[in-house]
Amino acid sequence: MKKSNIIGLIVIAIAVAVILSTRQSASSYVTFDEAYAMSTNGDAGSIHVVGELKKSSNGEIVGVNPSSDRLSVEFILVDDNHKEQKVFLNQPMPSDLLKSDKVVVIGGYHNDKFVADKVLLKCPSKYEETSL
Amino acid sequence: MAHIGIGNAGHLLVIISFITSIVAAIAYGKAAVNNELGNQPWVKFGRFTFITHGLAVLGSAAILFIIIYNNYFEYHYAWSHSSKNLAVHYMIACFWEGQEGSFLIWSVFNALLGFILIKTNKKWEAPVMTIFALVQAFLASMILGVVIGDMKIGSSPFMLLRDVVDNPIFLINPNFVPEDGTGLNPLLQNYWMVIHPPMTFLGFACTLIPFSFCIAGLWRKDYTDWIRPALPWTIFGGVILGTAIIMGGYWAYETLNFGGYWNWDPVENAVYIPWLVLIASMHTMIVFKKSETALKTSIVLVIATFLLILYATFLVRSGILGNASVHSFTDLGLSGQLLIYLLFFLIASIVIAARVWKDIPTSEKEASAYSREFWIFIGALTLCLMAFQVFVPTSFPVFNKIVELFGGLSSLAQPADQVQFYSKWQVWFAIGIALLSGTGQFFFWKKMDKDKLKTALAFPVIISLLLSAIIFVIAKMSNPLYILVLVAGMYSIVSNGKILIDLFKSGSYKLTGGSVAHIGIAMMLIGIMASEGYSRIVSKNTTTISRDFTEEQNSNMIVLFRNDPKPMAGYYLQYKSENIKAENIPGHIEKSWVRPTEDPHYKVAKHSIVIDGQAYAEEGDTLYFRNPENTYHEVQYTSMDSSKTFTLFPRVQQNEDMGSTVVSPDIKKLWGGDLYTFVALQNDFEDEFTEWSQPETKNLKPGDRFFINDYVAEFTGLVRLTKVNGIELGGQDAAVQANITVFTEEGKQVKLEPKFIIKDKAVGKPVEMNQEVATRVALDNIYPENGSIDLTIETTQKDWIILQAIEKPQINILWIGTIIMIVGFIIATRRRYVEFMKMRDKGLA
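So the protein lines, in turn, are chains X and C.
Just so you know, we're using my numbering here: the first sequence kicks off at 265 and counts up by one.
Just so you know, we're using my numbering here: the second sequence kicks off at -11 and counts up by one.
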């Protein structure tokens, strides 16, 4: 075999490996039920769930509890299927949590509790054209 | 409204620049087809129109800057990107905060580079400038701001506010001019914002030059000669774009608190990909110049670099990244136009290349494994694979869109742990690059065979293994991957260093570019490995461990109470005060020294402000604060060994533009690396989670001493006020203030001044909150008969911050390596440019 063919094969092999590994690592957004199913199937890694903070009937956010030392926080997230789920975040409460429209939690289930490694907040005013 | 003319002039210049660029493209195109040179009519006409075009672009940029600089807020661009409270250098930054301005700066660089090419080239002028003018036409169309029927072409930066924003005030008064602009996003108010974007666009502009030469070569069927004039610009583009990327990384590291200098955000990736391909093309072009091989590869890579720049532009500006990136532009409705721009050059390049592909000379003989061509080719291939690995996930949003277009549904998201995902691949490619750059250099300078190679390699291999061994023993490295990175990097440094010494010995200083740049790259690799691989969170919290978590999970941040030192990683940490920065006062001043006014930019000094023996303000002086949204927490580090101290001021910014709080680190630079500290959360006594004690009312006479929150306090007396918050009191009104001094740590005194106000027959007893004492007091009642008062006191837990500190070992190697790499690139650029000039002057280019 010519050297260039061997090199070509190696390049193709690496490219395929790259695509496969990307396919495998890519995540997508799921609901809490799907996340639970994934977690019980051993996929304990990083699952993205999008939701909103639970609100009372008069529109106040409820269920947000920072720990006494403020180093972690627990809150209730409602996903697109209206399922409520307690989420544990082992970080100080992001100061904009209460202002955010949507919350993306990234983490997995540990004993029926969703433990988030990371949260992403979407705040309403981001990128919004300011009025006069 | 006085300044409509200037905007119209700007808009007119943009239109002129659009038309002249098309005319220039046609004229130069005609000249190229006719093989015209020098001062023949079509060339002359093309040159004239392109220079007119360039001047129009420069003129419109100057007008835009004048509009920003003079605070003409009747213009939407000035209003939405600038404000009166900006320093002049940030006004420059406003220019490219918006999409329109950044297109304009890109266009300015293209025009200037076009001028240089007109001046320096002879036979290439016509075809190259045809392509330049075409690209300029597309760029000008982005800011054209012309509406034809329902179609809007481009978004003009010279739009009046009243034409953009729908507001009833313009119906009442069409000449309304807002008092102030909404300002440059405070997060972007940083000197890097002044320098990083233009550097990036200069890099973008540079990639157009090799692309134009390459297309010109294919078009004119002059398949090989284009490489010589293009090569110096490829190298120059490589250093400019590379520097811009690293500047962006340093900016992120220093300000944006991504926790590191590279976050694999799609916007960062979008520029990293073309840079890698550009570097690959640079190498194959050098191979071609040496040995007439790799021509087709060079053509493909040069074209790919430019197309990837357009692709990056599309990703960043079309809004397609939307959710995927934290800092892409918003969509201006230009996505269609951007797509046309990308597809036009994609299809045109493919057509032009395909037409002549068979005729492009190739070398038949297989490159030997002992030839430099072979190894450099492998290196270029590795760079391309490196780019491909980043390209695939970065393109997810595009992939999702395409699937949607065909009626499918795809919701691929970036890997959750981006850094880990990309790094695990990139590190192996980087090891490959280091090894190849070390070995390739030997082949580059000498003819090699098996035996010669052994002798040549023996020395650097042994030395680098030895050095690596010493380092990893001293540094106690155990991770095999990192050791491999170290060895590969060391090998590249040693072998390139050996070549460098040989070149110096023979006096060939001009040829040292390659080895210097490779040494820089290898140092960067080692610096990245050390600072990221061994990055360590030193703010380990050992006191409070929640039941739900393991120690590992719960220990990455510490709570610091005000004036209560805590040990951390060989230091005692003490949170001392909350500060702000005042204009014309050096350093920081404490928040409690000033009283707020209606305008957040102005505050009144409560007492005289003296710093280092110099008085900066008297009591009652109004001070100006350019950035009142920034708070700096004073954190003092005292070394346990030497008792030496230093103070860091990490920043917390209430960013209205982003609707969020942004924290920035303060970095202590040490020889062995950086100590990176940021405040993850600051106390807000006004939030709902603060638990206040039951109010307690004390009756106090002047001179009485009592306790507030375990501090000794003294009620020193009552004062009658004539003004409250700067407002004069009326005849029926009265106000009294109780002066209370609290004695806190280190002999400091804090003043509490609760007030009792009768205004318009109503009684006001405003609660005064003090963060340092963690108390709320109110003057509840006054007994004129004995001068005593009732003071209501509530207290809470002392003021605190939650802090994270990260050690970034040996990060300086990365920055030093960067500088060395830049120097190497500059030497190489100069060498290739001199070569081109010599050939041109002989009439060969």
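Keep in mind that the hints were calculated from the coordinates and are not lab data.
Ideal placement from N, C-alpha and C gives every residue a C-beta, glycine not left out.
Take these hints with a grain of salt, some might be off.
To be verified - Cβ pair distances, simulated, as ranges:
| no. | chain 1 | residue 1 | chain 2 | residue 2 | range |
| --- | --- | --- | --- | --- | --- |
| 1 | X | 276 | C | 356 | 20 to 28 Å |
| 2 | X | 272 | C | 394 | 25 to 33 Å |
| 3 | C | 657 | X | 276 | 39 to 47 Å |
| 4 | C | 634 | X | 273 | 19 to 27 Å |
| 5 | C | 280 | X | 276 | 21 to 29 Å |
| 6 | X | 273 | C | 489 | 18 to 26 Å |
Checked hints:
1. 276(X) x 356(C): 20 to 28 Å: holds, 23 Å
2. 272(X) x 394(C): 25 to 33 Å: For residue 394(C) against residue 272(X), whose Cβ atoms are near 31 Å apart, the range 25 to 33 Å holds.
3. 657(C) x 276(X): 39 to 47 Å: holds, 46 Å
4. 634(C) x 273(X): 19 to 27 Å: violated, 57 Å
5. 280(C) x 276(X): 21 to 29 Å: holds, 27 Å
6. 273(X) x 489(C): 18 to 26 Å: Given about 39 Å between the Cβ atoms, the range is violated.
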